[in-house]
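K.L.:
Residues per chain are reported as follows:
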Amino acid sequence: MSTDIIGAAKPRIDGTAKLSGSAPYAADHYPANLAYAYGVFSTIAAGEITSIDVSRAKKMPGVIEIFHHDNFPNLHRTPSSFVQQNKVDETRLPFEDNHVYYGGQFVALVVADTFENARDAAYHVDVAYRAKKPVTSLAQALAQGEPKPADNKKHERGDPDTAYSGAAHKIEATYTTPIETHNPMEMHATTAHWHDGHLTFYEASQGVVFAKHTMAAIFGINPARIDARAPYIGSGFGSKLWIWPHAVACAAAARELDRPVQLVVPRQQMFTTTGHRAATQQKIRLATDDDGKLVSISHDSINTTSFVNRYVESCGSCTKSLYGCDNVRITESTVQVNHGTPTSMRAPGAAQGLFALESAIDEMAEQIGMDPLEFRRRNYTDRDGSKDLPFSSVHLLEAYDKAADKFRWSKRNPKIGSMMRGPEILGWGMAACNWEAMKRDCDARVSLRADGTAFASCATQDIGTGTYTIVAQTVASLTGLPLERIEVELGNSSYPKGPLSGGSWATATALPAIHNATAKAIDALKQHAVEEDGVLAGRDAGQLEFVNGKLHGNGRSFSFADVLKARKIGEAFGEAHTNAASGDEYSFRSFGAHFVEIGWDPGISRLRVHRVVSAIDVGQIVNAKTAANQVEGAIDMGIGMALFEQTEYDHRTGMPINNNYAEYLVPTHLDQPESVDVILLDHPDTKFNELGVRGIGEIGITGMAAAVANAVYHATGKRVRDLPIRIEDLIQT
Amino acid sequence: MRDFSYDRADNVGAAIKSHVSGADSAYIAGGTTLLDLAKLEVMRPGHIVDVRRTGLDRIERLDDGRLCIGTNVTNTDLAYHEDVTTHHKLLSEALLSGASTSIRNKATTGGNVMQRCRCSYFRDNVSPCNKRDPGSGCAAIDGHSRSVYAVLGTSKQCIVAHPSDMCVAMAAIGATVSVAGPNGKRDIDFGDFHLLPGDTPWREHALASDEMITHVTLDAPIDGAKSHYLKLRDRASYQFALASSGVIVATEGGVIRHARIALGGVGTKPWRAERAERYLVGKPATADNFGHAANMALAEARPTEDNAFKIPLGRQAIVRSLTTVTA
Ligand SMILES: Cc1cc2nc3c(=O)[nH]c(=O)nc-3n(C[C@H](O)[C@H](O)[C@H](O)COP(=O)(O)OP(=O)(O)OC[C@H]3O[C@@H](n4cnc5c(N)ncnc54)[C@H](O)[C@@H]3O)c2cc1C
Ligand code: SF4
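Just so you know, the protein sequences line up as chains U and H, in that order. In this text, residue positions in the first sequence follow numbering that gives the first Met the number 0: the first is 0, and each later residue adds one. In this text, residue positions in the second sequence follow numbering that gives the first Met the number 0: the first is 0, and each later residue adds one.
Among these hints, one or two may not hold up.
Said to hold, decoys possible - For lysine to any residue, the following SDA-like pairs were computed, each having C-alpha atoms within a straight-line distance of at most 25 Å: (1) H:Lys225 x U:Pro422; (2) U:Lys717 x H:Thr303; (3) H:Lys155 x U:His650; (4) H:Lys38 x U:Pro265; (5) H:Lys38 x U:His67; (6) H:Lys38 x U:Pro60; (7) U:Lys17 x H:Ser101; (8) U:Lys132 x H:Pro127; (9) H:Lys38 x U:Glu115; (10) H:Lys105 x U:His123; (11) H:Lys225 x U:Ile603; (12) H:Lys105 x U:Ala661; (13) U:Lys57 x H:Asn124; (14) H:Lys105 x H:Met42; (15) U:Lys152 x U:Asp583; (16) U:Lys57 x H:Met42; (17) H:Lys88 x U:His668; (18) U:Lys132 x H:Gly136; (19) U:Lys58 x H:Thr303; (20) U:Lys132 x H:Glu304; (21) U:Lys17 x H:Ser99; (22) H:Lys38 x U:His28; (23) H:Lys225 x U:Arg605; (24) H:Lys105 x U:Asn657; (25) U:Lys58 x H:His46; (26) U:Lys58 x H:Asp23; (27) U:Lys132 x H:Arg145; (28) U:Lys132 x H:Asn124; (29) H:Lys38 x U:Tyr24.
What the hints assert, rightly or not - Here chain H is said to cover these stretches of chain U; the calculated rule only asks that three of the stretch's residues, wherever they fall, bring their Cβ under 8 Å from a Cβ of chain H: (30) 597-605; (31) 636-647; (32) 668-677; (33) 716-730.
Stated by the list, open to error - According to the in silico footprint, chain U covers these stretches of chain H (three or more CB under 8 Å from chain U): (34) 135-147; (35) 229-239.
If you're looking for bench data, these hints aren't it; they were derived computationally from the structure. Small disclaimer: the values here were computed from a predicted structure and weren't measured. Ideal Cβ positions, reconstructed from N, Cα and C, are used throughout, including at glycine.
All chains, full assembly: derive it from the sequences and hints.
P.N.:
This is the structure in structure tokens:
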């Protein structure tokens, strides 16, 4: 790979389209004769629909049809298999029956000639319910019954109980994290269009291949008849990994009415029917010997799930690997509440799990009187104890050193409340971050075209992270073409099968396939050159060189356009398949550390994050700009997790309270720390894949909330174990 | 959103006439409150009278030092107007702490005075809410009542806080609301304009049906006084006040000569803390006196479990803002 383009801080190649508003998102497609759908949503969280009266709504202007459980077409549930690529988190079909499992559930769908008419009529559908008392929180669910263990998520090694009881130092603490809502800017939306038994649909989707196969399963038709598209996504944070009831409702309406239908999920229902981060309660037990070596770790987590489907948060996924310890137990269980079904949200499990673990690590360090960084160093491991395998590439100690150095951690006065600046008490805290590196099967196609441009395609997506750009950089690294001459198309399920944009695996999965497809395209070009009528007919293709977009051989050089023109051929292409990573020899993980300075002004109970330094070890960096941007964004989201984010529900009705952008708090520009330093270590992990890349989308949020909580403790002496950390937790009265 | 008729009035008389002629009429200015709530069908105007073409978009300094603000002056224009930044810094700071730049560019003076509450139960159009559906009850009292709920001036019928920052500054400065209606013009003291919820939380202000606001006139600035608006909230921007304090203080040799204290986020209307003001006058500007004044201002507070922290937070806002202006 040519090193100057890989790793370069290139601006996004789709930036202009996005900034100028010309990039079409899912609801920006207007096929002829488009009709608009709007949902009617349950106003109770548990119970049954006793009647739906559409008589008023039916008479409203522009109304075409109103669907509900009495007249919705019979469809099939998807088997929801990851392997079959038809997974969803909520398998219940919309309008399956008259049951209500959560507030804001689809109970009817109005289709009309305009969006406004559909919405107006939806407000005039009269739904009567028989309400049951809902379960509205994790605490309430626990009070009513035992959590259900998720057996396949259990991990145990050694004898954590005996080690704990005999240990010199120990702590036990319980941490909770609330329900959070993804809140991508772009609302979930579907534009569905049937033609001759084929379905084309634009979906706000992080996985067009999954969207296609899921629709195929639900409608009982061959996947080849379905085309799912998501060329642009206004982010998803996990909420758009799988399709949700709205997409099914929209596609079914379009088929029944034999005309295209568009459905945009209103912001309020983005809090109910498109997933959320589950609430967790996590009990952590740690014990060390006299030298500060961990001798026992246990991490028991419980998360909320819906009454429709089971979703398990892997809170212990990092705990079992991050530190060297012989006696470890991880358990994960769930309780049911009357909310919609949870789903993955940026670093699912790890974000909550590392809040608990990395808070507990600080609590443990304090008990043995050790600096929290030193304590972590002392328990560093280069082997994954849960798999008994070495890590493929681990530079956590370097991350600690570099970040601590830049942060000036050595200047920290460990005494609580001892560091002042004006009216503020400063708090310095840190935490480790961690995320599994994954790589899936992938296909890709790259062609060198007669007009002198290259074209790369793969049915993965750019969810705003820069995938278009790094795919182009990968093609450029082999062809030497400038990025302007490389066209990339993603987000189309008809292209070679690519990965979901999730799990931080899209980069490690797609780039090797793109790379190999490019290499094959170049080989094909050489072959074209040496064949009859070729520019270098009769030469040995193996002797030719392709550099900077030109083919060199026999002392001459040709642009690839000339090579193709000579043979009147449109393109030289390569198709490649790359395999999922095999975890037999190594454990693949990414590492890092956050250092955070907060300011606490006790006179006005104001808490602000001033400074963050993070060092991240994610293998080869492909684009310094988009990579740093992912970590910076994740740090910001981590600040939100620590201090603001929480979906609040009425404890009587189970309905969400703060279901809008004004009251669901995320950090604003003014909440940005004065400085954020992201140090990308950039050590290629070639045991993971030949390009040495891991993913970077999620790791940055892990550990961040704990780093903030640890800093808050350092400033205030208050150990807040329940997120978010709010004024009422800290105010001095 | 329901169908409505729309009329753009060229002058105040035409606006009132149009308002009288319609059923369920509503004036519209920036629309940032009205359209939001109309889309949720919490407000259901049948006839909308747009007042933005009626003029009333000027700020005029009167001979007696008062400042007359046309109802259509936007929050942005008001915040940056020279007379405001020089003589009523408090108002400028309050305006700029509110909402977002884009909302302030649309929001108007009269619209801001008339903005509706942010109670989730009011907005959901389903829960019992006396403001939206008189007599139905108040879902907030035993429900979720943290951020946008008051501790002062609440009743058994409604506990929501008045959301405006601008109005807190106006309450502190002192102002007159000029209104015009089918029966002519009249002036309403700013302190009397917003009503306590009492047993009739659906009655929020002193405007009669069909009346419209034409101006808000600020009292002349107090000579030698300094002012400051301090808004406390979870995040640094784009959130309604959990507690805010707008103060105007003039001192002479360390002794307080004039004091005005108004509070936001904690009261069911823009809240003047007059007892605390009276306490301070004639006393030295000390931390102890500020603390005592702050205690007096919140003495009658009646919180819910969720918003109990607003009492100490409100005190902190008062003490810090007083400390800032007397430093
Ligand atoms: C997301 C969000 C965040 C916000 N944050 C804040 C904040 O932090 N602080 C804050 O103070 N405010 C905040 N606001 C409220 C904002 O300040 C108000 O919406 C705005 O001031 C209303 O002005 P407008 O001109 O848009 O009013 P409109 O929406 O046009 O009208 C509002 C009401 O006033 C009536 N009205 C308008 N003009 C007249 C008139 N001349 N005479 C009689 N009645 C009239 C209308 O009939 C309507 O009932 C926020 C609003 C939003 C949407
Ligand atoms: S606090 Fe007021 S606005 Fe909110 S529900 Fe009660 S009555 Fe309605």
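K.L.:
Take the C-alpha atoms of Lys152 of chain U and Asp583 of chain U, compute the straight-line distance between them, and say whether it is at most 25 Å.
P.N.:
holds, 19 Å
K.L.:
Checking C-beta pairs, does the region 716-730 of chain U have three or more residues closer than 8 Å to chain H?
P.N.:
Holds: 4 residues of the region 716-730 of chain U have a Cβ under 8 Å from chain H.
K.L.:
Mind checking the alpha carbons of Lys38 of chain H and His28 of chain U for me, to see if they're no more than 25 Å apart?
P.N.:
holds, 24 Å
K.L.:
Is the hinted pair Lys132 of chain U and Gly136 of chain H satisfied, with a Cα-Cα distance of at most 25 Å?
P.N.:
With a Cα-Cα distance of about 20 Å, the restraint between Lys132 of chain U and Gly136 of chain H holds, given a limit of 25 Å.
K.L.:
Holds or violated: Lys225 of chain H with Ile603 of chain U, Cα cutoff 25 Å?
P.N.:
holds, 20 Å
K.L.:
Compare the distance between the alpha carbons of Lys225 of chain H and Pro422 of chain U with 25 Å, and conclude whether the hinted pair is satisfied.
P.N.:
holds, 21 Å
K.L.:
Starting from Lys132 of chain U, check that the Cα of Arg145 of chain H is at most 25 Å away, please.
P.N.:
With a Cα-Cα distance of about 23 Å, the restraint between Lys132 of chain U and Arg145 of chain H holds, given a limit of 25 Å.
K.L.:
Run the distance test for Lys225 of chain H versus Arg605 of chain U: straight-line Cα separation, threshold 25 Å.
P.N.:
holds, 23 Å
K.L.:
Verify the proposed pairing of Lys132 of chain U with Glu304 of chain H, using a straight-line Cα cut of 25 Å.
P.N.:
This hinted pair holds, its Cα atoms lying about 23 Å apart.
K.L.:
Does the structure keep Lys717 of chain U and Thr303 of chain H at a Cα separation of 25 Å or less?
P.N.:
Within the cut-off at roughly 24 Å; holds.
K.L.:
Tell me if the straight-line CA distance from Lys132 of chain U to Pro127 of chain H falls inside 25 Å.
P.N.:
holds, 17 Å
K.L.:
How about the region 229-239 of chain H: do at least three of its residues have a C-beta closer than 8 Å to a C-beta of chain U?
P.N.:
holds (count 9)
Of the hints listed earlier, those the structure fails to meet are numbers 10 and 19, in rising order.
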